[in-house]
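For reference, the chains in residue letters:
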Amino acid sequence: MATDDNFPCSLTLQVPFPDARLASVALQALRVDKELSGLVKRELSTVASPSSEDAGQTVLQVDYKATTNRMLRVAVNSFMDSLALVLEVQEEMDVDLIESEKANN
Amino acid sequence: MPDAKGRRIALGCEGSANKLGIGIIAHDPVTGEPTVLSNVRDTFVSPPGTGFLPKDTARHHRAYFVRVAKKALSASGAGGRKPLRGSHRDGAGDNGGVEPVVLYVSGGNTQVIAYAEQRYRIFGETLDIAVGNCLDRFARTLEISNDPAPGYNIEQLAKQGGRVLLDLPYAVKGMDCSFSGILGRADDLAAQMKAGEPGPDGEPFTPADLCFSLQETVFAMLVEITERAMAHVGSNQVLIVGGVGCNERLQEMMGAMAAERGGSVYATDERFCIDNGIMIAHAGLLAYETGFRTPLEESTCTQRFRTDEVFVKWRD
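The listed protein sequences derive, respectively, from chains A and B.
Quick note: the first sequence uses my numbering, first residue 1, plus one each step.
Quick note: the second sequence uses my numbering, first residue 1, plus one each step.
I should point out that these hints are in silico values taken from the structure, not numbers from a laboratory.
Quick caveat: nothing in here was measured; it's all calculated off a predicted structure.
Beta carbons are placed, not taken as given, at the ideal position from N, Cα and C, and that holds for glycine.
Some hints here could point you the wrong way.
The list that follows gives simulated cross-link-like pairs (lysine-lysine, BS3-like), each with its CA atoms no further than 25 Å apart [claimed, not checked]: (1) B:194 with B:173; (2) B:71 with B:159; (3) A:41 with B:55; (4) B:159 with B:55; (5) B:71 with A:34; (6) B:55 with B:5.
With beta-carbon atoms standing in for the labels, derived distance ranges [what the hints assert, rightly or not]: (7) A:36 with B:48: 43 to 51 Å; (8) B:6 with A:8: 19 to 27 Å; (9) A:70 with B:249: 48 to 56 Å.
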């Protein structure tokens, strides 16, 4: 991503999901919590996986830019906590899982 | 979304302070009758003498979210359904149409409220800390257990006190009140007690006497401002909500005042008084039914959201 004189510290995360729907759900859930500090900028998007061309936008891309590495680390750590929760909810509670659990009971 | 019976279903998540709650409610499409399908809560309890820190609380909520959500979802399909009683709306309905004065007392809020023209209007409130915060912090001073809740343990301890009513500031200012000075004085008295100094009558006093004196003082203040609001709006009904509303001594004192005015007090129990997902689900579904929508991309979280900001389209 383009460098920015005021935000020299940057990090890009790419989080692969099993399908485009789950990637989109994660994007929408994570986007609700805005970055609280003006010293950090974050952009979320879904992109196509470089390895497969026809699977749709299955990768959550997170572009962070911050004024200092310290701010970058704090923001990314916090984001990872939220991401972990989103992944846990998807693993444990996604629609088809609930339906299959109902069927088993 | 509607269920098999055509009822609208909503799920509410509550994650303020140290409580994580998830509730699921159903509204009848014709009568609007609300039914609680499930209401599950998990509380982060910090060790005696300590409060809950935001970082630890957030970690707790993340760790328990899936567990609580699964419990709420499985309970919602498994019968045991109870009609909801004790929401603001039902509080008004049960009293034959008389609009109650609402006392909202919790760890984060202390407000006297009355409904008028589609808003809950704030008549009076704390000028500094909430009454629940005052009680919680005093429990920390005395190093009382936070399990199940510091306020509950103060209430139980206060029942053993009462030999002496220790002198604490009484801080009512018009319709508002203040608790931080009272807490400061109570902390001073606790330090005196620990140092073995006698009370005002020359006799020693106990943690139970301190809890008793603190409760009697702050609850008397709450009763006073509630009564003034009742006189102002011409109501003889009181509805107590918020976690401190579970306190039976507060309910008793408020009940005595309301009885003298020919009315009564309505209080609920911990299921609906303490932070819970059901109140979120119920309010959200009422708003939804009157056309209120927030697209996900416009959703935000805020720590500051006052009672009187909500436009209550679902009431007359």
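Against the structure, the hints:
1. B:194 with B:173: Measuring from Cα to Cα gives roughly 32 Å; hence the hint is violated.
2. B:71 with B:159: 35 Å, violated
3. A:41 with B:55: OK: residue 41 of chain A and residue 55 of chain B at ~22 Å, within 25 Å.
4. B:159 with B:55: 35 Å, violated
5. B:71 with A:34: With Cα atoms ~29 Å apart, residue 71 of chain B and residue 34 of chain A exceed 25 Å; violated.
6. B:55 with B:5: 42 Å, violated
7. A:36 with B:48: 43 to 51 Å: Since residue 36 of chain A and residue 48 of chain B have Cβ atoms about 32 Å apart, the given range 43 to 51 Å is violated.
8. B:6 with A:8: 19 to 27 Å: Between residue 6 of chain B and residue 8 of chain A, where Cβ atoms are some 58 Å apart, the hint is violated.
9. A:70 with B:249: 48 to 56 Å: 49 Å, holds
Hint check: violations occur at hints 1, 2, 4, 5, 6, 7 and 8; the rest are consistent with the structure.
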